[in-house]
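Asker: Chain by chain, the residues:
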Amino acid sequence: MVKKMTENAARDADKEKLSRRKMALGRNWDAWPDYEAAEAGLHDYWYPVLWGRKVKKKPVAVRLCGKNLFVMRDQDGNIRALHDRCPHRGVKISLGKQWWPGTISCPYHGWTFDLKTGDVAAVITDGPDSRICGNAAVQTYPARERHGLIWIYMGLGKPHALEDQLPEELINPPKYALGGRIEDRSGNWRFYAENGFDEGHAKYLHRTSIWRIFKVMPTWNKIHIKKQGRWLYRVEDERYWEAEFPGVGKWTNKRWWKIMPKHKQGKFLGNTGGAKRNNPYIESRNFPGFASLSMPGVLRIVYPSFIHYEFYVPIDANHTKYVGLMFQFKGGLSKWLFYLWYLGGIRWMFHGNFSGQDHWMVAETNAPPERLYRPDVSLMEWRKLFSQPHPIRGDELDDDNPEQPVRVLSGGEKP
Amino acid sequence: MVKKMTENAARDADKEKLSRRKMALGRNWDAWPDYEAAEAGLHDYWYPVLWGRKVKKKPVAVRLCGKNLFVMRDQDGNIRALHDRCPHRGVKISLGKQWWPGTISCPYHGWTFDLKTGDVAAVITDGPDSRICGNAAVQTYPARERHGLIWIYMGLGKPHALEDQLPEELINPPKYALGGRIEDRSGNWRFYAENGFDEGHAKYLHRTSIWRIFKVMPTWNKIHIKKQGRWLYRVEDERYWEAEFPGVGKWTNKRWWKIMPKHKQGKFLGNTGGAKRNNPYIESRNFPGFASLSMPGVLRIVYPSFIHYEFYVPIDANHTKYVGLMFQFKGGLSKWLFYLWYLGGIRWMFHGNFSGQDHWMVAETNAPPERLYRPDVSLMEWRKLFSQPHPIRGDELDDDNPEQPVRVLSGGEKP
Amino acid sequence: MVKKMTENAARDADKEKLSRRKMALGRNWDAWPDYEAAEAGLHDYWYPVLWGRKVKKKPVAVRLCGKNLFVMRDQDGNIRALHDRCPHRGVKISLGKQWWPGTISCPYHGWTFDLKTGDVAAVITDGPDSRICGNAAVQTYPARERHGLIWIYMGLGKPHALEDQLPEELINPPKYALGGRIEDRSGNWRFYAENGFDEGHAKYLHRTSIWRIFKVMPTWNKIHIKKQGRWLYRVEDERYWEAEFPGVGKWTNKRWWKIMPKHKQGKFLGNTGGAKRNNPYIESRNFPGFASLSMPGVLRIVYPSFIHYEFYVPIDANHTKYVGLMFQFKGGLSKWLFYLWYLGGIRWMFHGNFSGQDHWMVAETNAPPERLYRPDVSLMEWRKLFSQPHPIRGDELDDDNPEQPVRVLSGGEKP
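Sequence lines, in order, name chains L, Y and B. Counting from 1, position 78 in the first sequence corresponds to residue 78 in our numbering; the numbering is continuous, with no gaps. Counting from 1, position 107 in the second sequence corresponds to residue 107 in our numbering; the numbering is continuous, with no gaps. Counting from 1, position 304 in the third sequence corresponds to residue 304 in our numbering; the numbering is continuous, with no gaps.
These are computed hints drawn from the structure, not numbers from a lab. Warning: the hint list may mix true and false statements.
Note that identical chains are pooled: a pair holds if it fits in a single copy or bridges any two copies.
[Said to hold, decoys possible] Computed cross-link-like contacts, BS3-like style, restricted to lysine-lysine with a CA-CA straight-line distance of at most 30 Å: (1) K330 - K226; (2) K258 - K222; (3) K258 - K227; (4) K384 - K254; (5) K57 - K227; (6) K254 - K227; (7) K56 - K227; (8) K222 - K97.
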């Protein structure tokens, strides 16, 4: 009848130990060590960070993979990306000013850096004979402009070509229109990638999105993951529009105001169902699935008349830059109709409301521990990628054509 | 004349060491290890957390003893309390929805839990044959409704009856009226309990409260602590209305506008002084003292015509849920007059202004280290309780009548 | 062509290791251990913390060297400074009240302290025979009022005289006028001291200040540091008004609307250039340089007609109290003209806008690591001071005249 509190505590501890052992599977990410290590992002990849038109001759601060960088243009319009920390006393260089073409000067003592090499080119307050010149530098990062976006390479070695990493259909596309949205969000980038490629949540979480308001979503399905080139494709095997759960009840997303998608009305695109008239360029790509994912966190959703991409760019361990892009591969009048359609509603409905639901859940996600289920095969295949041979060319690129010289100095002596 | 800074530092360190040794007593809580360990609250107790009328069929999130729970009613009006974390990916279940009676579904992928057992009853996005069903669960916590409040039991073993822990006079009380206030406050729950039972502060800190504006408070007194059943009673031995402090001066709370309490005008209630007409039920309880305290942090203040309770419910190590209740044991018209009196002024004056002064001091309290004094005997006896045999029945309760089955699974396999 | 991510990581780690080794110099402050240790301030010094006129009979809370103190006057107008923590339960004494002359009572239980000794003089709620009296105390700190400011000595030993530490010209000055500004700022006090004495930043960072709007600032110069008495003087050897940086371009602060300072128009004061009529008292002091710095963080800037001081008072490791003072050594009408000049514009322009630029850079400074350059000789000499014999008299002061008895008790027994 009477017992000591310490005995109570011991009993509880035993029970908890038992409980923990039983749920050991999924308790942490030991099974995916390289994935665990990638918390603040992967190096050796190109990341889109800004619209090119927003970068002029003033430095723009950008945080990427836990590092502070700044981006600006030199006198010739070239994009330059450098580490945003003066080696002298740690002040942000981006607070400074471009006195001479192709340079930037720290606001504190006028240390002046060559934008191309990162070398100290002059120290205003130390005179022309300063010993710092040529003896200190900041890290530069390869940067390129493509499809209207600034891309930065975060590796320290020679970069692979941006083209090796771009979705293949964007390397030499026909005429196209592009709408997009870049937004900094809370939550780890891996949760965004997992969420984007996640089979299960789309049908349930997004049933209330405005984008799907008049369209029935399936209740559940069976899928497998197909790997082709650098991409993982989610391929649907069976689809169920309703289900009777034993001892619980029936569930369906069918409503009188929602329309069932028509199957196979045109040529099949992946497993999306297709439309009467698919875009010929998209049809020609023969995507094996509606949704696909590649390193370092690029989601591609193929629709009959456009392709939607999401780049989950790691700002740091707790923040992600959402880069949502919608490409329509048509020129002429269609291009302008697309802009009207995109800016008039889709940007808000799809890149806002719909992806806002994802943001909400990613911010709430709190794993590990976790308990995965059948549809999480998509997530597990993605995690495995991190421990597999790297499909993108890295250091072994043609030495004659490095995109940009690489510097490893930051705050110290030159070798 | 000249000396090195390091010598200065050494000298200071020596002096500090000496000083620390001298004040070793009270420097930390080593003398009360079980008390120290109870920072975020005690398990194996029932805690009042919400007014029952505020809980309907939507989940209400509650934080208790450092754990996130949610509380809701099933189709039959039963109160259910569960751990607020989906084992799948850690999302808060309380953000979800009750699709079927007696269940709750996570908003992310539709994992659906049985409210009574915590078991996964269905996974909407995994179809009727999901292997998760019966193989994952969330922890449930025993919950009851009593005196208009929701009570949750935080232990993992079989709970003792709520009645074993309720103030005894509340188990089978006569007709009564109840007024109360529930408020989340900053500060550790143990400081609230110590403050509430503290002999010293009442007379000095609260002298400026509106509740005491027309009443003289004593300057100091002598007390002893009497233990009876599960309760510690503060019993006054001597009382002084003024004092002359040697070398300093005189102090009294007497003012021309304040009335001295009349002694022994009726039957004596504990050491409160009594009134012309004591409430018969209160008088019949023969409380040995005005103020009493019991585990797990319940203060009882006995007045001639009502009893005031404060439950210091641990939210986590830094926050406390203040549950202040005032019981008047009368029916009929008296009941409605009580509500008028309580809501018209006492709720604000007593449960607001007066207890707000306690909140202020608890938020400022910064111990250990501490230097206790004579009146702190109340506090020391309370701390000792934590290392003594537990006076409440626990696991050994009648096995035929457990209040609710207990589950130790959270995010893992079933045994 | 193909490689594992772990190889990439290893390569990057190697490169980073190499890079770190190369910039080892300046990577941390191992070269200045006493400086590193002084993060939250130096003990054994007097610090100005408040204007005397702001301290009356109510306690004023002040944070200094990471400790919470309070300052108030006793019945005779003496300034008293005590540790702001009641030894009983850690509540801030400064929230309390002065019931009797020369005492302060804690708001919680009425523990009453003698302002002069820090001893417990009475415990209101424990009666006249309390055993706490004479057995507990709070630390007192020597405090003085001088030049309208409250000065507190933070050492635990007997203090040296404030005069041993005051700028010598302020010990027995002629008639003077004083304008000043006290402001709490973010950033470590050592960065403020380094910045204030820093040769390099003045000419570049402050070129845009309103104070310098019509005055050309040099581009660079050569200096050496002269040590005289307790002071380090920055002495200019060469000055350059413009510079041609090889491969970059020319830089000068000359503008058509800026006036070049006239050299040597009067008697030379340090290296400031002097004026037609120097203030005779300033001229008589024969300062070897315009800017000088002494422990524990006092900057002196000598102008022909006034002297400007900045005291960088450590609040804690991350905050600094900026005490900016401007002394003009004249009486009579000149004094009132000075106040007009100071309050009409200089206070805002010099102690606001100009020193706000310093605040901005100090808040941005993020070192170590750091990479020092030639003008940082000022900073290096200052850091070395911390490991050198202490130039100010400490414990060895005349024992017959200690400024105030010293107490090492806080929350414990008396020796």
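Asker: Give a verdict on every hint.
Answerer: Verification of the supplied hints:
Taking the closest pair of Cα atoms, K330 and K226 come within 30 Å of each other only inside a single copy of the chain (29 Å); across copies the shortest separation is 74 Å, beyond that limit. Taking the shortest Cα distances, K258 and K222 sit within 30 Å of each other inside one copy (23 Å), while across copies they are farther apart (77 Å). Proximity of K258 to K227 under the C-alpha cut-off of 30 Å is found in neither arrangement, the shortest distances being 34 Å within a copy and 69 Å between copies. Taking the shortest alpha-carbon separations for K384 and K254, neither the intra-copy value of 36 Å nor the inter-copy value of 63 Å comes in at or below 30 Å.
In this homomeric assembly, K57 and K227 never come within 30 Å of each other (Cα to Cα): the closest approach is 43 Å inside a single copy and 45 Å across copies. Proximity of K254 and K227 under a CA criterion of 30 Å is satisfied in neither setting, with 32 Å inside one chain copy and 66 Å between copies. Proximity of K56 and K227 under a CA criterion of 30 Å is satisfied in neither setting, with 41 Å inside one chain copy and 48 Å between copies. Taking CA atoms no more than 30 Å apart as the test, K222 paired with K97 passes between copies only; the shortest distance there is 25 Å, against 57 Å inside one copy.
The structure shown violates the earlier hints numbered 3, 4, 5, 6, 7.
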